[in-house]
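Chemist: Two chains, each in its own frame: build the complex with the hints.
From first to last, the protein sequence lines stand for chains W and R.
All residue numbers for the first sequence refer to the numbering used here, where the first residue is 298 and numbers rise by one.
All residue numbers for the second sequence refer to the numbering used here, where the first residue is 37 and numbers rise by one.
Please keep in mind that the hints were generated in silico from the structure rather than gathered at the bench.
Honestly, I wouldn't trust all of these hints.
What the hints assert, rightly or not - To give a feel for the contact side, a few chain W residues facing chain R, derived at Cβ under 7 angstroms:
1) Gly538
2) Val539
3) Gly542
4) Val550
5) Ile576
To be verified - Covered by chain R, per the in silico footprint, the following chain W stretches (three or more residues, Cβ under 8 angstroms):
6) 517-524
7) 580-587
What the hints assert, rightly or not - Counterexamples of contact, computed for chain W against chain R with all Cβ distances above 12 angstroms:
8) Gly372
9) Pro393
10) Arg474
11) Ala510
Idealized CB from N, CA, C, for every residue including glycine.
Read off the chains here:
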Amino acid sequence: MLRSILQRLIMLIPVLIGITLLGFLLLQVVPGDPVERAMGTRASAEEMAAMRHQWGLDQPIWQQYLLFLRDCVTGSFGTSLFHKLPVSTLVLERLPFTLGIVVYSTLLALVVALPFAILAALKRGGAIDLAIRQLFVFVIALPPFWLSFVLILWLSLSLGLFPTGGIGEGLLQNMHRLFLPSLVVGLSTAALIQQSLRATLIETMSADYVDTARAKGLSRVQVFTRHILRNSLISTISIVGVRIGWIIGSTVVVEKIFSVPGLGSLLIDAIVSRDFPVIRGLTVIFAMLVVVVNLLTDIAYSIADPRASLD
Amino acid sequence: MIFLGKFCRNLSGLAGLAMLLALLLAVLLTPILSAHDPYQLDFAAALQPPSGTHWFGTDNFGRDIFTRVIAGAVFDLRLALICVFGPAAIGVVIGLVAGYFGGVVDSVLMRLTDIAWAFPFYVLVLAIVGVLGPSETNLYIAFFLVNWIGYARIVRGETLVAAQLEYVEAARVLRYGSPRILFRHIMPNTITPALVYSMSDVVLTVQAIAALSFFGLGVQPPAPEWGLLIVESIDYMREAPWMTLFPGLALAWVGIGFSLVGEGLSSALKPEG
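One chain only, chain R, in its complex shape (with noise of 0.2 angstroms):
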């Protein structure tokens, strides 16, 4: 409660929140509110400039942007959301593992992070879509392979340091048993590091899936995510450069959102200052 109170004193967290529930608005009422369909095409209407009745306009298609771009919306966060905390649930229970039992584990799976952290965040995400192909299953394959890294450690640095701590050496006493110890003790004291961080990780996977599309290798046509709405009208740019804008907008909203609210995290969960 006393975060929640410091969260909300934080303008910028705020911000970011408003933004985010802004668009979750703007997913919920745009089925009801808008007379068109992401995936209808309408060659009459193509390449129309934003107006009254296409918002952000229209495409190539005359598919209207606007209803795209929210729609792309339900699927770029949903697949962020996944490919973030799926792999940083995994991340954060080898940190707590390797931290807290220490010794060859520790040693062993360290030295994993170690060398799979070598590896450039894109490259290997496009190196696993690139040899399993293009898929969105793949998609979810290879971010899982790759996002856990970070949190692991982290988590694993936090541990260290809670494992030698008075309430756990308590908790010892008792009796507990290991999992009641890391999950129930150690793991909420340990995770805010990771949760601020995994803000960060959010705007950079939603980036890279995008990136994936613009590649050819992530999300297939005609799906509306947003890569694929940008790389769709690159041919289009001079002519109608709201098809391009946009998606680029939106992406840059949830990215600006969810910076905010890592702001106000971190700010919130600093001891006192």
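Pulled out of the complex, with its shape left as it was, chain W reads as follows (with noise of 0.2 angstroms):
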């Protein structure tokens, strides 16, 4: 167990830096020189030159990489434009808010999913199955952004039950105020859970070791929670491993609609005033942390099903 988990990370060195090497290219492809385009008129020419020597832009092009490599080893990412600070310090501060929407997101999806997979799955073939599935075509047909507006409209405007955005203090008065942005981002998650449960459920149903479970005189409903269910949801982890990085993603749109101070906010923050090497560290902080969550899902999948090795 722990010599794979070993491996895993050492297999993870080369990702990482190919996506400090993206991160770096991004850069790049700025149409001519990135400080004038961040600055524009707001730094006289001798600022902008030192701007360029501090950003390392005086340099030959493997010798930037390095200095970006450094600041990726050393975990401050590059420093920002504007707020002078290291990109990492930037982050931490809003980290949480983005995490707390990507588990919360997760946490209402497994609870939106699950009603409607195991319905669907003791009625498969059925109607209500079928009603079930377009009803989840639906919901992702949805454009998150417009369904972001169009409940702030009903549940924030007219019936005043959530605020239209912000954070709170403390966890209950947050998971009141990110119930909205974690609702958008979960439904989408909640289809692909309650697609991939039911296919699992209805496998699982037939298997032998659940006709054991009944021949032993379990009752039915004892077999299904105790053998069917908890079977079907450990793949079910691995599923949302998998979308990890959609799940990331949506977090972007709808942080920056509900005034959330997470990740997403940042980066748009930081396109709209050019902060390129906010933009830079940022978009390689989201990808490692794409592939730290994709591995530790591996990890906890591994350990809850032993059936399923590492390599």
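Modeler: Next up, the structure:
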């Protein structure tokens, strides 16, 4: 177990280096001089020359990459042009909100998907199964940012159930405030979980050990909760893991709409203010986040289901 | 032909196709039937609710929302289809080459896709457009750089399997050239999962194009792009909810249409059952 985790960690190194390389290339395509584009008339020629030097733009390209790589290894991921702070400092302030939405939306997705998946699996092939399937097709088709506005108009402005955005203090207040953004992100995850959970439930129901459990006299409810549901949920972990990039990506859109000061808002603000080092550092951090969460779900899956190996 | 018959027996697929054809029909007929121009300002008729003359109401400039939504269909679908099937073609070729030749080519190409795959879709598209600056051309560049990845992965996997099969072996024995084997023999047999995937890809891409407009990073006003229509409606959401409602429903309509066609395709392409 430990050995294979270690192996995976070593295999991660070239991927991480590749991510920094791709992130570095991102800034090389900036048309014209990035410092001039970022600062415009806000800085004098001397200031810009100083920034160019500080940023290493007066050095050959491979040295520029090494500078960026050094920033990544030492954990600063570059320095913001406007905040004058390391990108990592800006990220750490905002990370809890983004991770909060990721976790919260996944839990909401599970709550929404579970009853529908069970119902669809029990009534497979019937009208209810078909109706549930179509319902989720409909849910996926709703554009997230449009859905956000409709929910704000309906639940926040008309009914006053939720605030229109922002964050609160403490877990309970934030669970209330982050409910709508998490719901929007969670609905598309719910569709995915429902589909895969329905399929695994049906498969598991006909497994031999389920017959054994029935034969030893367990009630139908016991067989379902202890054996069928438990084993099917484990495979759901890996489905969520595969989709984690998508989930993290969708937080960008809802964070801006619901004014949540997370990584997504930071990215949009950096794009609007042309804070190129932040765009680059943040893009790299997003990708690393995906890679790490992927690895964690793989490990969790192999612990939950010993048949799955990490290799 | 068997495939066509199977697709026609699938209700979801037919319903989706009907939805998309209905939209196409509306696009073709609107310029003939409607007296309104999607760009025509008419301040006397601003913020009118849906009525007989303005089916979807009017916006804050008095522009007819129905004709704007229909004009948006041309705009959004053209963008989305180019941004999906252009990169898809590139991805398919990369997947075929990687899967067929294997070895160093495969390793290099697949490591590249592994790395690109780690970047969340929205983050990468936003970052590329953000760095290049907002414009329609840069929108194309961003999607071409991002959207090929899924196809390369899918087609490579299929090609790995197909390259071992007898018909490919037979083609090699006949001394057909690699391009001929790849494109005339392997591709037709490996492309179907990519085709199914492309349907959900269209849905995601059309939503992403609209989302980019929301951030001011995509298509620029006064284009009748659906995302822009929604953005422009936000300030009037309370007094004129129809401004927000209809462009969103149009996006959902296209989304449901392509999703259903995708379902129809995947069940028609499944080997029996």
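Chemist: Each hint: holds or not?
Modeler: Results of checking the hints against the structure:
{"no.": "1", "hint": "Gly538", "in the structure": "violated (13 angstroms)"}
{"no.": "2", "hint": "Val539", "in the structure": "violated (10 angstroms)"}
{"no.": "3", "hint": "Gly542", "in the structure": "holds (5 angstroms)"}
{"no.": "4", "hint": "Val550", "in the structure": "holds (5 angstroms)"}
{"no.": "5", "hint": "Ile576", "in the structure": "holds (5 angstroms)"}
{"no.": "6", "hint": "517-524", "in the structure": "violated (count 0)"}
{"no.": "7", "hint": "580-587", "in the structure": "holds (count 5)"}
{"no.": "8", "hint": "Gly372", "in the structure": "holds (19 angstroms)"}
{"no.": "9", "hint": "Pro393", "in the structure": "holds (18 angstroms)"}
{"no.": "10", "hint": "Arg474", "in the structure": "holds (20 angstroms)"}
{"no.": "11", "hint": "Ala510", "in the structure": "holds (28 angstroms)"}
Hints 1, 2, 6, counting from the list given before, are not met by this structure.
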